[in-house]
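Engineer: Residue numbers (the working numbering), protein chains in the order written: chain H, 1 to 626; chain W, 1001 to 1626; chain C, 2001 to 2316; chain G, 3001 to 3316.
Listed below are the simulated DSBU-like cross-link pairs for lysine-lysine, each with C-alpha atoms no more than 30 Å apart in a straight line:
no.: 1; chain 1: G; residue 1: Lys3247; chain 2: G; residue 2: Lys3179
no.: 2; chain 1: W; residue 1: Lys1045; chain 2: W; residue 2: Lys1102
no.: 3; chain 1: H; residue 1: Lys439; chain 2: G; residue 2: Lys3045
no.: 4; chain 1: W; residue 1: Lys1429; chain 2: C; residue 2: Lys2287
no.: 5; chain 1: C; residue 1: Lys2217; chain 2: H; residue 2: Lys45
no.: 6; chain 1: G; residue 1: Lys3179; chain 2: G; residue 2: Lys3045
no.: 7; chain 1: W; residue 1: Lys1159; chain 2: W; residue 2: Lys1200
no.: 8; chain 1: G; residue 1: Lys3139; chain 2: W; residue 2: Lys1045
no.: 9; chain 1: G; residue 1: Lys3282; chain 2: H; residue 2: Lys439
no.: 10; chain 1: C; residue 1: Lys2131; chain 2: W; residue 2: Lys1476
Selected chain C positions facing chain H (in silico; Cβ < 10 Å):
no.: 11; residue: Trp2016
no.: 12; residue: Trp2019
no.: 13; residue: Pro2021
no.: 14; residue: Ile2052
no.: 15; residue: Leu2070
no.: 16; residue: Gly2072
no.: 17; residue: Gly2101
no.: 18; residue: Gly2103
no.: 19; residue: Tyr2127
no.: 20; residue: Leu2129
no.: 21; residue: Lys2131
no.: 22; residue: Gly2132
no.: 23; residue: Pro2136
no.: 24; residue: Met2152
no.: 25; residue: Cys2203
Sample of chain H residues at the chain W side, in silico, Cβ under 8 Å:
no.: 26; residue: Gly315
no.: 27; residue: Thr322
no.: 28; residue: Trp327
no.: 29; residue: Gly348
no.: 30; residue: Gln349
no.: 31; residue: Asp357
no.: 32; residue: Ser365
no.: 33; residue: Asp463
no.: 34; residue: Glu474
no.: 35; residue: Ser475
Hint data in this document are derived by calculation from the structure and do not stem from the laboratory. Keep in mind it's a predicted model, so treat the numbers as computed, not measured. For glycine and all other residues, C-beta sits at the position ideal for the given N, C-alpha and C.
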Amino acid sequence: MKEIRYILGGPQGGGLETSSQVLSWAFAREGYNVMSDREYFSNIKGRHSYVHATILSENDTPALAYPVNVLGAMDAETVFTHSYDVAEGGYMIYNRDESQVKVVSVASMEDEYKEILMKKFSESGISGTIESVADYLARERKINIIGLSYRELLGELQKSVNVIAAQASRYVSSILIGAVAALTGLNESSLDYALQRRFKSGEVYEHNLAFSKIVIKQVKGSISLDKPIMGGGKRLVVSGNDAVAMAKVVGGLRFQSYYPITPAADESFTLEEYERIGGGSDSIVVFQAEDEIGAIAAAIGSSLTGARSASATSGPGFDLMTEGLGWAGINEVPVVVTYYQRGGPSTGQPTRGGQSDLLSAVFASHGEYPRIVIASGDHEEAFWDTIDALNFADMFQTPVIHLVDKFLANTIASMPVPQVSNAKIGRGKLVATNLEHYKRFDYSSSISPRAFLGNYVMWYTGDEHNETGHITEESKNRVMMMKKRMSKINDIEAGIPESRRYSLYGEEKPDIVLLGWGFVKGSALRAIRDLKVEGIKASYLHIRSFIPFPKEIITKIFREYGADRIIDVEHNYEGQTGFLVAMNTGNMVKRRILKYTGRPIYSNELAVAVKRIISGSTEEVLDLGS
Amino acid sequence: MKEIRYILGGPQGGGLETSSQVLSWAFAREGYNVMSDREYFSNIKGRHSYVHATILSENDTPALAYPVNVLGAMDAETVFTHSYDVAEGGYMIYNRDESQVKVVSVASMEDEYKEILMKKFSESGISGTIESVADYLARERKINIIGLSYRELLGELQKSVNVIAAQASRYVSSILIGAVAALTGLNESSLDYALQRRFKSGEVYEHNLAFSKIVIKQVKGSISLDKPIMGGGKRLVVSGNDAVAMAKVVGGLRFQSYYPITPAADESFTLEEYERIGGGSDSIVVFQAEDEIGAIAAAIGSSLTGARSASATSGPGFDLMTEGLGWAGINEVPVVVTYYQRGGPSTGQPTRGGQSDLLSAVFASHGEYPRIVIASGDHEEAFWDTIDALNFADMFQTPVIHLVDKFLANTIASMPVPQVSNAKIGRGKLVATNLEHYKRFDYSSSISPRAFLGNYVMWYTGDEHNETGHITEESKNRVMMMKKRMSKINDIEAGIPESRRYSLYGEEKPDIVLLGWGFVKGSALRAIRDLKVEGIKASYLHIRSFIPFPKEIITKIFREYGADRIIDVEHNYEGQTGFLVAMNTGNMVKRRILKYTGRPIYSNELAVAVKRIISGSTEEVLDLGS
Amino acid sequence: MALKHASPNDFRSSVWNDWCPGCGNFGIVAAMYQMLAELNVDPEKTVIVSGIGCSGKTAHFINAEGVHTLHGRSLPFAEGIKLSNPELNVIVNVGDGDLLGIGAGHFVAMGRRNMDITVLMHDNTVYALTKGQAAPTLKRGEQTKSLPRPNMQDAINPIGLALASGYTFIARSYSSRIKHLKEIIRQAIEHRGSAFVDVLQPCVTFDDIHTYDYYNKRVYDIQENGWDPLAKNEQEAVQKATQALVKSYSMDERIPIGVFYRNISVPTFDERLNERLPYYIKNPPAKQPIEKDGNAIIDQEIFENTFSDFITEIVR
Amino acid sequence: MALKHASPNDFRSSVWNDWCPGCGNFGIVAAMYQMLAELNVDPEKTVIVSGIGCSGKTAHFINAEGVHTLHGRSLPFAEGIKLSNPELNVIVNVGDGDLLGIGAGHFVAMGRRNMDITVLMHDNTVYALTKGQAAPTLKRGEQTKSLPRPNMQDAINPIGLALASGYTFIARSYSSRIKHLKEIIRQAIEHRGSAFVDVLQPCVTFDDIHTYDYYNKRVYDIQENGWDPLAKNEQEAVQKATQALVKSYSMDERIPIGVFYRNISVPTFDERLNERLPYYIKNPPAKQPIEKDGNAIIDQEIFENTFSDFITEIVR
Ligand SMILES: Cc1ncc(C[n+]2csc(CCOP(=O)(O)OP(=O)(O)O)c2C)c(N)n1
Ligand SMILES: Cc1ncc(C[n+]2csc(CCOP(=O)(O)OP(=O)(O)O)c2C)c(N)n1
Ligand code: SF4
Ligand code: SF4
Ligand SMILES: [Mg+2]
Ligand SMILES: [Mg+2]
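Chain H extracted, bound-state conformation (with noise of 0.2 Å):
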């Protein structure tokens, strides 16, 4: 096969992360693409968690689909939350001391997905314990069952590398590393060269191999996963908050302010780890605000002293911000806030994925100022969108927000190791030294020279101002300051091409055009392919910038394909870029594919999708995944 995918999943808090970690470490060293999603409860301990990952041989971005080839539970709920997600001919690895564990006990199940669950067994024939699912998915769907005693794997373990019991019951989630690394006929060194990866040397490490060895045996049966295409060279294996750090750190940025939130938080502590700059003099300064107005205030006033300055934060953080947005818009500072969004609305989904913060970033915060808004499709744009950025709030002297998403933020994948020497700086339009007066806000252009706090007397205030920062209400003035800041609109159009703004997959002529940003991008690109299998020519065109627009290609393929063969593909349920497209070239969105129930979209449901709009649907309403 040219890729595989598995679900392992177990209870959160349990191990199911390293796990994770370790195998996506160890294809990559392989030299295959990977990708892995994480899909989480907001709790700390106890409900269910799971990753979804795909192997990709070929070298392509992997993207996550249904159904998977192994299904590995460390619990009982994993089996019954899964049951029916994985392919004929795949392989379950279950805990057989669990087999008669009914799903009507599972407590950490909710009560909603219990009752469909129960319904769906009993149509299935299904009595409701482990055993009973275990027999219809090797009856019925000829799904290789391969039932282990974790109890007795621990014992071995135990034995082996003298454990005491409490301890050995910490590597349950290993169990899931051996299994698959069995099935898939991983290499053992690519194995243990992952594992110390994880754990450097020491105890654990030796435990997890041991266990991986004693797990391997017993685990019967392979799938033959084809040899990766990548013969060698370097892999950045990261998720999307590591993506962002590192740019960040790549792209000059001194100073990050932010508050804890799901799923921004992570990209600070990364920060903060890699603080020291390449341990040299330079330091990045984290600062854990005591809320998200403290930590764009702080971004705003740090920025003014001349530090390139973000923040980072999710929906409700963002709100907060909001009105420091319009203070840092009307005194053109330059500011970047790395939007991760999550389901909401309000709380929402905490820990869900969503696209539908999009209408609130393109307009935030009450009157008007020019901005930027950019997203990132996968790992490498967010990198590289992450330094343009960086560069665009210098060089247009404006607050720039920049869209991704909890799918992006929590999946791990593989990238080349980014050229830094493609990494340019732009710092923008800087005052020349040694000038007898300054003005901040000089009229001359519509940006005007910077220059920062500490070297010349200058003003700021949130009031209309005059050329030299004071507040002054006098019309004609407010018409030229409104123009002349407003005009950045105008420069940003110019300064960042229409081609910077989005990227064209797929046929050249045809049938079907995507329209997507974001994370839609992996399983539009699969589906697209798919699709052309089936016949069906296709296209993805992926926005890479909502301000400024890709006006031109937009209306293009309208006026080439018209209406009815575009579709917008959103994790929202709206369709907000329809809102968007409208505006900027007054084409109404017709068909759309949305989803919002806080699971990415998958490849194969996309695929459907399509052809169900190709059938005379104007709206699909996507909800694979639990």
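We have chain H already, so just place chains W, C and G with the ligands on it with the hints.
Structural biologist: Positioned in the frame of chain H, the structure of chains W, C and G with the ligands alone reads:
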């Protein structure tokens, strides 16, 4: 003349507001229609402020326009500032003791304006003293100059009523009352009435009355203002703030939270004054919160108990409310925010007007939830819209944003006394009593029956939840709950008919259609009448609701007249309504008349701009008024 | 209506509790179940307001009105509820990050009002639900499990802050002394005015410093040591407050729990309102009818009388 | 660069001052002009940060860097400035409504950090620029000119709140005792750490209670009375803090001014940061070059070394 206009100016805090109120009352009592705008700096004492009023003998809404028939100046700055505002044949009253004061020496005048004026003066051959201005106006512009010695007048007052000099000087602003009364031949009894109304009986009343008589004797000249058409009955004379406050009382508001902000706060003070409803046992709790975050949170909390609840704020405060609004949205809480727009962005122009907060109101808060956004164009609309807002909130169980602006808030206008029997109160779907198990978010319909805290056990959470209000992250429930909640958008579309969303005025078969909202109304109505005289047939489409949007009528006018004959008129830079027109109908606005100086659009400049557009201009930016 | 002879279990909701096994929050909710049962409160007249955090889930675990609000905003939500229906018994369960970090401004403001609301702060020294960052209760230099470096900010002294803000009942308890906690909660609820309880709550997942062991060794009851927290007038208030402050500073070796301060000389906010609006407590906003057969209850006459200052009769 | 022999007038900006005649703010800004001149500071190295209110305009009246921020947010703006360029001398002029009303959360937070910033609170008991509503410094029951009813909320004790929040320099002065005020400002600026000065400032337009007369009769200097506010270690800190608190409560008949508390045993935030980032003070964020000829200063080698934990070599 059918109408007269005057400007009265003086230092902020110098009693001007009072003089203007007295005159408004006096004219209203005579049966005139009155509209009196107040322009002032974000300053407590000393900066130039002025009132700009139109007194109309016909039974129609007066519009603000230039030039004026009378300029009454308390101080030199007023003379300089408004030198070019008086019509030929008009009057200027000033303090001849200040004849030698020079424009350069007026410290309180902003440098930007001083420069402009000095340039104009030198072009007009004015040397720069008050006297030189007066001479110029008399000579070149046929303006009747009435120079009074304010010192002598106050001296006379001192003699006649026996006050000390320091006290007498407080009456400078009253000179303007006398002057306007004298020129317009205002009935003495009306003036007496108005003074009593303002000061009750007592010394200040008496001094004012005596003083006005002294002044009237000195003022030579007269303007023949037609007798008013209205023959009797009662009239309301209110500011926009007051009209909204009254309507909240009538509409059943029982809780208002606020944090002081210009120009919203006066509404809350009026509510506080009338907190004991009709003097009975009912009352409104008016709560000064610690900030706007607290204000919206408290209003939502209050609403959960069943009390009709609202807050009032302006841009900076609204930004801080966005997170709370999202919570109200996901929890389906009726709550009203009266949004007084001022000049933005950021602190902007705190005491000036604008309409630049439309998009931020329409898209406030991350994620997606149903909301209603309505806007009022004059005092009467503001009154009835306030009651609608309260009803809509209850009917659709969702936040309602009621957009007004500083122009409306601070303008005093006469209007009919509302027939409160027309004020219907609909509390929406309430739960029948004595339920066994209450589910706040019952799926049975998009609007679930509502119960109040204190009656049934129920749960609310900002997280996605199930029917009982407990958190759930399950996918199917998410889809159902989103659909239930968001489909209120359809209920809103169905429940608020298209005809409620706009008003159409003017010619049946127009050459030009003006599109506007809010305070544009008065000037637009006047402008289309003036244009008619010049042979231009225009109509005015007044948008009263943005969510739901008047899609049908706008689609219709674009179809019938074409984009080239539709002009968007707004108090902002971008023509924000155009974005919403595109979004809702796919039509792109092509012509715009915009003003963003913080001063209202005057009917005369609007008419001129319309003609320019007709002659081919695509955008006109207005800047009349100091 | 109140349950007859309510048992603690009657106040347990049907929602599965997903706190980590061993979490100190279990002790807090257990004490609440017990106290609500003992007080035999009406579940419909008792509102549990919470913020966002592990602690915020408390509202869902209790069978009473539950309002799970926004991070940092539990107090103004609670105040709105109380203001419009003062008959309701309002209890706030809130995290230390939520209350004293993002929510500190509201905390200070409520003290100034002495609103009759009980605030139970789940003091676990971390932002638990976001995975263990330093909360404002963590001392400088301490490095709990998930901190990459020792904490850089000083801890707030919650008792000191409550004193400065004007809370009239200020206490501390400990989640695993359930009996003590329960009694403190009772007193806090029964106190008329703003009551603040700092509940020491081990977070077994992220806080490896302030463990059960840590607290068990250190806590002692200041009432057992004879401290009388009661202030009956303004003078006593200053005296008790400063002494309470001195007590609150000793947190390293021995940790005082118990009632630090109780001031009964300050009118509550509903009393203050009732002075201004004489029918307020009897007839609060939530209980007033606002319509009759779909019409406003304000008729033309009331309207014109009320707003007579704005109305003029045209006289020619 | 610093002006040679600067005079107070050198620090006066060209902006017309539009405060009401007689406003207490004039005294504050006069004291600042004098002190800035005496300290002979560099106008470019001195940043006046202000909030929104009459007080907020101060930044425009002073000829030094001026950052007039948002209502309630002056402190986090100031902190961002200080954090990225600790060389700058950051002084905050802020209203009492701004700092202790909407901004109270930030006030508490900064105390925890002991950032080396001076906060001068213009204490005029009202929200002046919005026309005289009660600020958090106005006592309950007081009814200043534009209040329709007596104030319903209790006043904050600013000294008490600053103590509870961890400020290490806490003082009070009075706008018309310019010499005293000037000296207090000097000490506040010279103090290393978070300094808070409660400046009594008559608002002649809206506050008819706390007039010059009112204060002139009541203020007395606690230093003249012999109070030594200095705490040199943690133990002294508790002792001085509680005594300072007792002093701060007496506000009705006689109003103490002077330095209430000064603690030199707490490291400032830049010192804390410097421990973690050893070159921080010498080479802070604002001073680091981030590009060379338009390229990132991080080259491929540094990048791969730094992030080696994320990089793998493909091995088949
Ligand atoms: C405005 C906003 N910012 C950040 C968050 C993210 N957040 C969720 S829980 C939490 C921390 C909770 O800590 P604490 O209040 O101490 O409660 P605990 O989990 O420790 O009980 C944060 C910061 C949020 N929900 N809203
Ligand atoms: C978020 C926000 N809310 C409200 C306001 C309106 N506002 C302007 S000045 C002011 C009060 C200022 O009072 P204070 O801080 O005491 O300063 P003072 O004018 O008394 O010096 C307020 C509430 C604002 N600018 N921003
Ligand atoms: S993370 Fe800590 S506070 Fe949260 S449930 Fe677990 S132990 Fe309790
Ligand atoms: S309103 Fe008060 S604080 Fe503001 S300038 Fe006037 S006197 Fe000063
Ligand atoms: Mg906590
Ligand atoms: Mg003040």
